[in-house]
Amino acid sequence: MSPTLKAYAIRLFPQVAALAVILLMVSIAFPGFFRLEMQNGRLYGSMIDILNRGAPVALLAIGMTVVIATKGIDLSVGAVMAICGAVAAAAITSGHSLAMTLLITLGTGILCGLWNGILVAVLDIQPIIATLVLMVAGRGIAQLITEGAILTFNDAGLIFIGSGSLFGLPMPVVVWLAFGILVALLVRRTALGMLIEALGVNRRASMLSGVSTGVLLIAAYVLSGLCAALAGIIAAADIRGADANNAGLWLELDAILAVVVGGTSLLGGRFSIAASLIGALIIQSVNTGILLSGFPPEFNLIIKAAIIVLILVIQSPRAQSAFVFLSRAGASEKKTEQEAK
Amino acid sequence: MQASTSILTATAIDKIFPGAKALDRVDFSLHKGEVHALLGENGAGKSTLVKCLTGAYRRDGGRIQLDGADVDPQSTLEAQNLGIGTVYQEVNLLPNLTVAENLFLGRQPKRFGFIDSREMNRRAKALLAQYDLDIDVTAGLATYSVAVQQVIAIARAVDLSGKVLILDEPTASLDAHEVAMLFRIVRRLKERGLGIVFITHFLEQVYDISDRITVLRNGKLVGTRATRDLPRRDLIAMMLGRELVQEVAAEHGTKSEGGDVRFRFRNFGRKGHIHPFDLDVRKGEVVGIAGLLGSGRTETAEIMFGAERADSGTVEADGRALDLSSPRSAIREKFGFCPEDRKIDGIIGDLSVRENIALALQARRGWARPISRGEQDRLADDYIKALDIRTSDREKPIKLLSGGNQQKAILARWLATNPDFLILDEPTRGIDVGAHAEIIRLIESLCEKGMSLIVISSELEELVAYSSRVIVLRDRAHVAELVGHQVTTDGIVEAIAASAARTDA
Numbered sequence: 001m002s003p004t005l006k007a008y009a010i011r012l013f014p015q016v017a018a019l020a021v022i023l024l025m026v027s028i029a030f031p032g033f034f035r036l037e038m039q040n041g042r043l044y045g046s047m048i049d050i051l052n053r054g055a056p057v058a059l060l061a062i063g064m065t066v067v068i069a070t071k072g073i074d075l076s077v078g079a080v081m082a083i084c085g086a087v088a089a090a091a092i093t094s095g096h097s098l099a100m101t102l103l104i105t106l107g108t109g110i111l112c113g114l115w116n117g118i119l120v121a122v123l124d125i126q127p128i129i130a131t132l133v134l135m136v137a138g139r140g141i142a143q144l145i146t147e148g149a150i151l152t153f154n155d156a157g158l159i160f161i162g163s164g165s166l167f168g169l170p171m172p173v174v175v176w177l178a179f180g181i182l183v184a185l186l187v188r189r190t191a192l193g194m195l196i197e198a199l200g201v202n203r204r205a206s207m208l209s210g211v212s213t214g215v216l217l218i219a220a221y222v223l224s225g226l227c228a229a230l231a232g233i234i235a236a237a238d239i240r241g242a243d244a245n246n247a248g249l250w251l252e253l254d255a256i257l258a259v260v261v262g263g264t265s266l267l268g269g270r271f272s273i274a275a276s277l278i279g280a281l282i283i284q285s286v287n288t289g290i291l292l293s294g295f296p297p298e299f300n301l302i303i304k305a306a307i308i309v310l311i312l313v314i315q316s317p318r319a320q321s322a323f324v325f326l327s328r329a330g331a332s333e334k335k336t337e338q339e340a341k
Numbered sequence: 001m002q003a004s005t006s007i008l009t010a011t012a013i014d015k016i017f018p019g020a021k022a023l024d025r026v027d028f029s030l031h032k033g034e035v036h037a038l039l040g041e042n043g044a045g046k047s048t049l050v051k052c053l054t055g056a057y058r059r060d061g062g063r064i065q066l067d068g069a070d071v072d073p074q075s076t077l078e079a080q081n082l083g084i085g086t087v088y089q090e091v092n093l094l095p096n097l098t099v100a101e102n103l104f105l106g107r108q109p110k111r112f113g114f115i116d117s118r119e120m121n122r123r124a125k126a127l128l129a130q131y132d133l134d135i136d137v138t139a140g141l142a143t144y145s146v147a148v149q150q151v152i153a154i155a156r157a158v159d160l161s162g163k164v165l166i167l168d169e170p171t172a173s174l175d176a177h178e179v180a181m182l183f184r185i186v187r188r189l190k191e192r193g194l195g196i197v198f199i200t201h202f203l204e205q206v207y208d209i210s211d212r213i214t215v216l217r218n219g220k221l222v223g224t225r226a227t228r229d230l231p232r233r234d235l236i237a238m239m240l241g242r243e244l245v246q247e248v249a250a251e252h253g254t255k256s257e258g259g260d261v262r263f264r265f266r267n268f269g270r271k272g273h274i275h276p277f278d279l280d281v282r283k284g285e286v287v288g289i290a291g292l293l294g295s296g297r298t299e300t301a302e303i304m305f306g307a308e309r310a311d312s313g314t315v316e317a318d319g320r321a322l323d324l325s326s327p328r329s330a331i332r333e334k335f336g337f338c339p340e341d342r343k344i345d346g347i348i349g350d351l352s353v354r355e356n357i358a359l360a361l362q363a364r365r366g367w368a369r370p371i372s373r374g375e376q377d378r379l380a381d382d383y384i385k386a387l388d389i390r391t392s393d394r395e396k397p398i399k400l401l402s403g404g405n406q407q408k409a410i411l412a413r414w415l416a417t418n419p420d421f422l423i424l425d426e427p428t429r430g431i432d433v434g435a436h437a438e439i440i441r442l443i444e445s446l447c448e449k450g451m452s453l454i455v456i457s458s459e460l461e462e463l464v465a466y467s468s469r470v471i472v473l474r475d476r477a478h479v480a481e482l483v484g485h486q487v488t489t490d491g492i493v494e495a496i497a498a499s500a501a502r503t504d505a
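As given, the protein sequences belong to chains A and B, one line each in that order.
According to our numbering, the first sequence is numbered sequentially starting from 1.
According to our numbering, the second sequence is numbered sequentially starting from 1.
Be careful, since some hints might not be right.
[What the hints assert, rightly or not] In silico lysine-lysine, DSSO-like type, Cα no more than 27 Å apart, as pairs: (1) A:Lys6 / B:Lys396; (2) A:Lys71 / B:Lys343; (3) B:Lys399 / A:Lys6; (4) B:Lys21 / A:Lys71; (5) B:Lys399 / A:Lys71.
Rather than coming from a laboratory, the hints here were simulated on the basis of the structure.
Turn these sequences into a full structure, and let the hints steer you where they fit.
Now the structure itself:
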């Protein structure tokens, strides 16, 4: 295995292992869990359901990962989802074409990100406060657009994004997978990833080394806004209407959780989009798994919290150094054996 | 020296880290009422030894005796209770609490189960009076200077422990006056019979205050000597394991005067930072900048690099006007800047040595044109070799390197961009003797290759060694320029003093 690939495998191991264990546990409680069926050219099954239901959080987690890597946080994504859902519904019902509707909606998301980014990068407001502004105001803006009601629509094209399928997969899954791969390639095949990590670890030293810290910061929040817009479209298309009160409610917290479960530190720096996406799947698997296993619903949140605490403990620096120590001890034994020969 | 009553004896201490033996059967003994300097290059094992003594690390072999009884501290807290107190370079107190709260944290005097603030403040005042410190103990710790915080940390450590005091580079961020104050306190503690271990990079201070010296090198004990029997040259030889090139001052006279004037700063300044100044820098020349702390040295560097935008004046290079409005544009004009505070302004701690070296070059190329991994590896390996950066491999996070090696990596970051004009702010502060000499040699060789350098340093002998001219700063203005034979330590001191007299008048 090449060194980079090996480093990648080591990085993703805790997340993949956690996901595997959770899926295994659910499959014990619910035997039909891994069954997949093909109907009308689309896959059905609990696994697909997890991928599908997890789409909004997965999309938000992509942008959130990059924002957190810059040592920031974006609390507004849930509200931006609501705004963008409302904008999409309003645009399509007022007779715009699907392409135009999508363009307007994504533009709205970018605008929201720009607002956050300028507050953080130019006015130097702490990210948690800066994005809190839009988190609170955003839902109000969404309510203004929908005029307080659930704005429904019947456009087949828009509905397709929520419940259609492509290549046998539900559309939301195709969207988050494609967008995740696109962003991951963008940051890792260019120097963006390294520059963002440098910025997140030490903004002033990066600035003094010539990194355009301001532009990068704004770009991170714009990406997060764009992700929220995509998530907002999917959420609205799924229920064929924009619900300003409930669309994306509390999802910013799930997105942050996905990033943290994915092992990206809230202190900024090293990040992995793949790990955050697996983190999002872990959260959705827990949600779906608890329902399928037939626990009384009132236990859901507590079980979810317990599982997440466990995952975080396994990832903690202390536990990690214990793992490293154990594996090193094994490795050095092997080495001495070889030397003895 | 008093009768040799050992208070702390460590025998044959071993400490093994994965892949390296950090301490190899090191002996160390500390007498009652002595100041014992613990010296060695970075990575020699000083901090490891201290950490084994204070229980921060578990030793892998050897015994530690305190007052003749075997001890085996498992934590710094246990060591503290046994009588071994430590004060680190970065004061590890709580800046947001008051002085009194810091002194009595965890053992506040209580009344009816509540903290008795009045009693605590009274005791704090009495405690600090022993150190000639008459300050408001109810004020926040952060309102006091590092030197005062250092004294408070010592007061707390002595009050808690009282047998052995370990000072780990306590003077690194203090000025001469503050060091004198600290040393008065150390001498008084010594008279009280404490054993004091003193770690520092400043050899003058070692000769100023220590009774005995123990030198470590590569995890092994080189020897313990009485300070008065150990001439400076021998000490340096013990530390480096080789006769050091004449201490830098001796090389005086070989430096280049440079070629034609290349960079012209005219009326360059920024209100509230540095008064406008004129400065010409030749190709292949080192211009030194001297002045007391707060005289505008760093401000001069920052404005030249665009970290602070100049609000007056112009810069020309070979007759062409330069844009120095931001670090980014300065880098585009082939400028480089190694800042004074490595940890805050220099290193990207969590990133690898490789990434730290490649950063400035990558930033200049822009994000869309990544330096391939192979190129980065080559770049890093080249500079690790050329500058002798000691690291186990290029993927090690830079924060794990010693100060001198971090500094070399940051120099490498700029050398990789192939600059014409390099500004070094205190390039040798807080780094060990070996790296120190190497960096000075590097400055000289860059200059020979035709680079123009501005070097700011508070070590005058060093400035004299490599500068062809020295600019003297005072009160945020350039007040004197010393050229040719005027460039001597005495000359610089005089220029600083003279301008001081003038402004006082």
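So, going through the hints one by one against the coordinates:
Distance hint between A:Lys6 and B:Lys396 is fulfilled; the C-alpha atoms sit about 16 Å from each other, no more than 27 Å. Among the hinted pairs, A:Lys71 with B:Lys343 is consistent with the structure: their alpha-carbon atoms are about 17 Å apart, no more than 27 Å. A hinted pair counts as satisfied when its Cα atoms are at most 27 Å apart, and B:Lys399 with A:Lys6 qualifies at roughly 23 Å. Proposed proximity of B:Lys21 and A:Lys71 is contradicted: the alpha carbons are some 37 Å apart, above 27 Å.
Of the pairs offered as hints, the one joining B:Lys399 and A:Lys71 holds, with about 18 Å between alpha carbons and a cut-off of 27 Å not exceeded.
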